Amino acid sequence: MRLAGRFGGAALSLLMVAVLGFFLFRVVPGDPVVSMTRGRPTTAAMQAELRAQFGLDRPLHEQFWSYFTSLLHGDLGTSFTFRRPVSEVIGERLGPTLLLVGTATLIAVLLGLWLGVRAAWRRDSVFDRVTTGVSLTLWAVPTFWLGMLLMMVTGDLFPSRGMRDTDTAPDFVSQALDVGHHLVLPSVTLVAVVCAEYALVMRSSLLEEMHAPYLTTARAKGLRDDLVRRRHAVPNAVLPAITLVFLRFGLVVAGAITTETVFSWPGLGLLFYDALTGPDYFLLQGLLVVTAGAVVVMNLLADLLHGVLDPRVKVV
Amino acid sequence: MRVKLCALLAIATTVGLSAPPASAQQPVVLKVAIVQQIDSMNPFLAVFQSSTEIGRLMYDYLTAYAAADQSVTEGLANRWEPSADRLTWTFTIPEGKKWSDGVPITARDVAFTYNLMLTDEVARTANGSFVANFAQVSAPDDRTVVIRTKTPQVTMLALDVPIVPEHVWSKVGSIKDFANDRMPVVGSGPFVLSEHVPGQFIKLKANKTYWRGAPKYDELHFVYFQNSDAAVQALGKGEIDLVNRMAPAQFDSLAGKAGVTRNKAMGRRFTELLINPGAQTRTGEPIGDGSPVLRDVRVRRALAQAIDLDALVARVNLGYAEKGAGLVPPVFGKYHWQPSEAQARAFDPPAANAALDAAGYPRKADGTRFPLRLIGRAGRAYDEQASEYLKRSMSDIGVPLDVRLVSDNQLNESTTAATYDLAFSGWSTNIDPDFVLGLHTCAQRPGADGKGGTTDTYFCDETYDRLYAQQLSEFDEDRRVEIVKQMQARFYDQVPAVVLAYENALEGYRSDHFARFTTQPAQGGVIMAQNGMWGYYGAEPAQRTARAGGTGWAGFALGGAAVAVLVAAFVVLARRRAATAGERE
Chain U
13 MRLAGRFGGA ALSLLMVAVL GFFLFRVVPG DPVVSMTRGR PTTAAMQAEL RAQFGLDRPL
73 HEQFWSYFTS LLHGDLGTSF TFRRPVSEVI GERLGPTLLL VGTATLIAVL LGLWLGVRAA
133 WRRDSVFDRV TTGVSLTLWA VPTFWLGMLL MMVTGDLFPS RGMRDTDTAP DFVSQALDVG
193 HHLVLPSVTL VAVVCAEYAL VMRSSLLEEM HAPYLTTARA KGLRDDLVRR RHAVPNAVLP
253 AITLVFLRFG LVVAGAITTE TVFSWPGLGL LFYDALTGPD YFLLQGLLVV TAGAVVVMNL
313 LADLLHGVLD PRVKVV
Chain R
173 MRVKLCALLA IATTVGLSAP PASAQQPVVL KVAIVQQIDS MNPFLAVFQS STEIGRLMYD
233 YLTAYAAADQ SVTEGLANRW EPSADRLTWT FTIPEGKKWS DGVPITARDV AFTYNLMLTD
293 EVARTANGSF VANFAQVSAP DDRTVVIRTK TPQVTMLALD VPIVPEHVWS KVGSIKDFAN
353 DRMPVVGSGP FVLSEHVPGQ FIKLKANKTY WRGAPKYDEL HFVYFQNSDA AVQALGKGEI
413 DLVNRMAPAQ FDSLAGKAGV TRNKAMGRRF TELLINPGAQ TRTGEPIGDG SPVLRDVRVR
473 RALAQAIDLD ALVARVNLGY AEKGAGLVPP VFGKYHWQPS EAQARAFDPP AANAALDAAG
533 YPRKADGTRF PLRLIGRAGR AYDEQASEYL KRSMSDIGVP LDVRLVSDNQ LNESTTAATY
593 DLAFSGWSTN IDPDFVLGLH TCAQRPGADG KGGTTDTYFC DETYDRLYAQ QLSEFDEDRR
653 VEIVKQMQAR FYDQVPAVVL AYENALEGYR SDHFARFTTQ PAQGGVIMAQ NGMWGYYGAE
713 PAQRTARAGG TGWAGFALGG AAVAVLVAAF VVLARRRAAT AGERE
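Same order as they appear, the protein sequences are chains U and R. Start counting at 1 in the first sequence, then tack on 12, and there's your number in this note's numbering. Start counting at 1 in the second sequence, then tack on 172, and there's your number in this note's numbering.
Extracted from the complex, chain R is given alone in its bound form (with noise of 0.2 Å):
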């Protein structure tokens, strides 16, 4: 009886493990990983790139940057014109644009948003730095908003503020606690939020009524990966259709890969050495404890010429970045600085060293001259191999380094409190500098309590802050352009960082699966992480033939067959324990 039973669970078992997740009709779906967590799909609380990216496809902004040359762009708004005096902005919300549920948008949305900003504090949590300058948004009619603005801001044109629908969000009680997880979203991107199952996966759907046309397919999947190798093994698998962030290592693992196309893009993002000037608070009182002896800007440049930036770029990026210059990566064309000959500080040791004999510390008995401290952080593959190859630099050029390699928190507790000598740092930037600029200048400094500073370098120049305030009030494109150069300019020749290099965006994705993808600018440009959400939007599935689906197939059919084994083998053990029994009883 127990054998028979056994023997019926064991057919049942395997006939139910076997059967593959059933199938209806599937429609197109592009699935993305992402490495980061969501913290929250309110575009008001969102500050995740990770969050900020998918926000970018559910709502649009009041203007976009085009995908081939990133300039200013229709987005809500079609025309958009300034006062004389540059305090006033007048948008044009053209007529037919509608929100996902088929309520047309209208200037008094645009304004609803941008109020609720100005009125509740946590509206400001993600994007207050938009509205800070604003004094009054208005919107007379449906057709037209007008920002008047406390001081002339360039940057009008530049912001990124999702625009909400005002039909649901002056319903909403408490921004604070709205989680936006009202399926499906009401939104006014390509794209329409449909589920989202937190560390787990996100969904959206194609908005078919987008005013610039319907995506191409009708999913976008966002799959959630804590583990970034595992994300480049299931894009080799064909689980997932698009990765980004690669290591070098990982990039080249894929080289050659059936079905797989890669994209060694320009990035956003380039890595520095902070170089402590001497950190000094708002009110000028001294902070941390840097070596005094790096508030020598002697000093500081015979340290920048120590370090061969080409060899770091072959050896530690793999070649895949490109030497670094100034703060505004290349990827950013107009307002990307490179030194002409004369100001340029070519790679050249033995210069350094006379630079440091004259500026008066010649070495010691020991040889040495002076010691100084690095830090960077552990499990960073670029901090653990650079800072090594530092240390030989340096000390070529008589510096003995002591090397520190700390968690991501205690790095970022060192460089804000000033206690570092030498520190690795990076920044991701943005199509218009403002931002990465605006990080060093003396305001950005802690205050008098060493609090509330959000200083990239403690960098505090008189110049670079004149020159800053200038391409703020700015509005000639050309001459805005001028200044931003010579800012970084007079960042270079002061050096409080030396920018080491712009890496490389590395992204993969299944060709076999998509064709193509808009990249962002259409010259060596990245498919994720734009400013904008071309990369989606633009993809075209390939004529496919259907997804790898025999992969289901087979591992439940493995698992079916171990299980039966299993329960073979139990049967069989029973029946001759039983007959043991009877024989020796």
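One chain only, chain U, in its complex shape (with noise of 0.2 Å):
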């Protein structure tokens, strides 16, 4: 019954936020069809005709409708820029923000869970103490600055943008190697910033539960420090890691913007501040839609999860 109710709410945010995203968008100062046309001979008519194409000269609640309808339809509109499906724009750039944010958030979590672990294992060493202020750092600075940064200080040794260079032989080694070639700078600027969160998170996590009785029980049962470590502490203190590791992979997708628009990824994030720039309402409100809706999912996947990893937490 609760499994349900999760599911409920889950579907009730998406829909809320789809409801949000139509009137949120509008708001945006600028009307789409004069940027789309500015700078370029344009009459009053061209104009008035760009609107009807678009729908954009009825009256908001019909647009609201037509909008929703669509959506219930699995149909996202066309976008204004792209002259394309929304949903066909979204597909393409989705496979590029997952393999940049998926690589970094696998590195992330694996580095930040184990510093974390490291330090607050061994408190107040000079780990403890380097790891800490190099995490708070990098958790300070802004990732825009820090790309261009390491842009700067690698030189020749990794391409300064996007994913593939354009005179790469096609077969599939050669391509492989390429985008892994062109992931390297954006994914540790990434991993820079969200690793330090996971860390931090981590070390005073695992503070908290350095004290507790049991850790003292499993000493005294003559177990070497590794193991008490690796088997009842961390199991205990990773569950707000987890919960925090899963919200971020939803906040992720749609927070990779400013690395993905210094490295001009092509993905979700760039695609984000092209659309704004319109402002392009249908792509705009499609990518809050599948954005949102990561951020929604994740946060049910870490609740069931919850339940697995913490037998106190029941899900049914």
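Note that these hints are calculated values from the structure, not bench results. Bear in mind that the values here come from a model prediction, so they are computed numbers and not experimental data. Please note that the accuracy of each hint is not assured.
Beta-carbon label-pair distances, calculated as ranges [what the hints assert, rightly or not]:
#1 U:Gly114 x R:Val344: 32 to 42 Å
#2 U:Val309 x R:Glu367: 30 to 40 Å
#3 U:Ala60 x R:Thr262: 29 to 39 Å
All C-beta atoms in this analysis are idealised placements derived from N, C-alpha and C, irrespective of residue type, glycine included.
Starting from two chains that each stand alone, build the complex the way the hints lay out.
Here it is, written out as structure tokens:
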């Protein structure tokens, strides 16, 4: 029953996002037709024709109704900017974003949790101080600046834009290596920022467990330090970090905007940036539904996973 | 066992990552950075400057502008003749020109294109204004196109409309849904579109059968940069060969860089300061909330006189601009206008102060006369710096400025709704001045509901409008030039806007890869964003050594080494842990 409630809640959240998305972006100043035709010989009649083409000349409630009914049929409308169905435009950008965000999240989670555990276990050691200091610094650094800096200091070693070179051989191995080569700087940038957060949360959550009586018991059994940490302390301390990982993963899909902009990575973040300059209503609405959907789904997953990881939290 | 596996994995990964991308016989490629998205490859829908620029490479127009002096020259048509009443134009399409698939180009393709635009509303999306005055287009035979216009039209040799092949486009069902991405895309220009990955790159191949002769290299790649700083860095590293639209500081950063040549060209753009002259709709209803004092032309002149344009160019444009005057930039020399000694408004704050006193706006007790608002775009370096400068200039004549820097969309909205006193704006102009002049006529103002306006300045002046109509039907070029200059003089005198500067177009290219580019015009002209395709078409490869291919190797070697070190560390740790566990348990 509670499980059904969770799913119901998630569905309701998505519905609200869809409704909110429509009105939210209509408040963004600017007239899409004016910005679309700016700087070109355009007559008022042509502008009116464009408005009619996109349905912008109809009353707001009619526009909303047509948006909403199409959405229920899975149709996100047509992008003004790209003149193609929104779902198609988003679809081709989803892969690159998932690749970048997925790689970065995986590295950041492993590295962040490992650093956090080590730092907490040897609290006040040199390792702890360095890790915490560096984490705090990286967390505070603007992503844009870090990206540009990395690009400058690495010189010729890594490409400065995009996901692929235009003249790479078409076979799979060459293409995959090329993508890997392009992936290095953006994912390092993203890891540097995200990983710090995981390390800090993991550290503080493990510190809370450090003086728990069950650890003393475990040590008294004669277990070596390593096993006490791995089998007893970490499993109890990892829960807040797992929640964070899932929440962040949902957010990161949209949050890669700055990284993607710096490195011209052809993902959703970059698409969001481009859509805002229109403003390209349908594309923005679609992006909001997809990215908010990611957050909602990840939330739900974190909820369900909690029950698996921690028997005290019963889902059903 | 585990250790061995790890070691094997380490070796495999290192070898794998260190292998450079395989390379076949390298074609000569020109790589160009574009910083604007591509909206569509369908020439009837594409409105972004980046898209139309690539469209010019794929499709020829009926006529073209020469590279050397921008005069009208052969496009698809090599001869043209207006009738005595100037209502009928006959264009001749010579034999021998072919589409990239080998089918001959005929007058029927031209008639098909224009008629498609006349009959299909969607096909008018991008270039509808060029055919708005067309009554009928026909092709009596394969070589002759006849266009009848409703009224005499002086811009008949400036029809920026890509002509498409009838044998391809007649099969297109809905123009709106046609992405024009069946590669290779059949065209008539010097390059053929061969691949487009949205948001990443566009590849074109040289059209070996192009009627002017094949380009001197094999492929032209446009790679997309969201971030212009990254584009400038990529040029420095040799990843790309050509960049434009650089900011002065970026341009300066490339000075003395080995293998890079900079091109400081005359630009097509001007920057202006709009002064709300008392905005009204077409029906004469006041619109917006502009300060009433600005309706007085004496006030507008005084404000203009208090601005030191030379200082703005030197300090804000860092010298990469020319001082503004008329609406047509000097790059279009024929129509460019400069005020005579008598007409010119020299920078003179005391005279501006005296003029405001005389006009009945004395200083109040606190030393001010009346406040004004200035809006500009946040994040645009010019607006940020020039607004500070203007604040000081205006305060010298007792006009406190309230500066507000807003988003691009908000700025557009304010200028469209006339809710401004002063605002930064700017336009890119064309060889034919009709468009930029037309922006300031009464008819461009919005209708009674405040919508449908395309005016730039809310200017509405009887003299200016009369001259505008005259130049539109003046077929004697010298006389038209004279009228166009009179219009600019009138605009300058009535000051609905102050043209602040004609910005230079700042470009850079890898001269170790490409030795020469054709600029338009020949003297001080641009390579990119031309009224034509000469810059890309005329590029000549340098006698080069291999493209800097070492970068890939170095990166891969470094990546491989890093992975090897990590794996080795892991192996050592694992062994140590196994050992201690054994000892302690």
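Against the structure, the hints:
no.: 1; hint: U:Gly114 x R:Val344: 32 to 42 Å; in the structure: 39 Å, holds
no.: 2; hint: U:Val309 x R:Glu367: 30 to 40 Å; in the structure: 34 Å, holds
no.: 3; hint: U:Ala60 x R:Thr262: 29 to 39 Å; in the structure: 33 Å, holds
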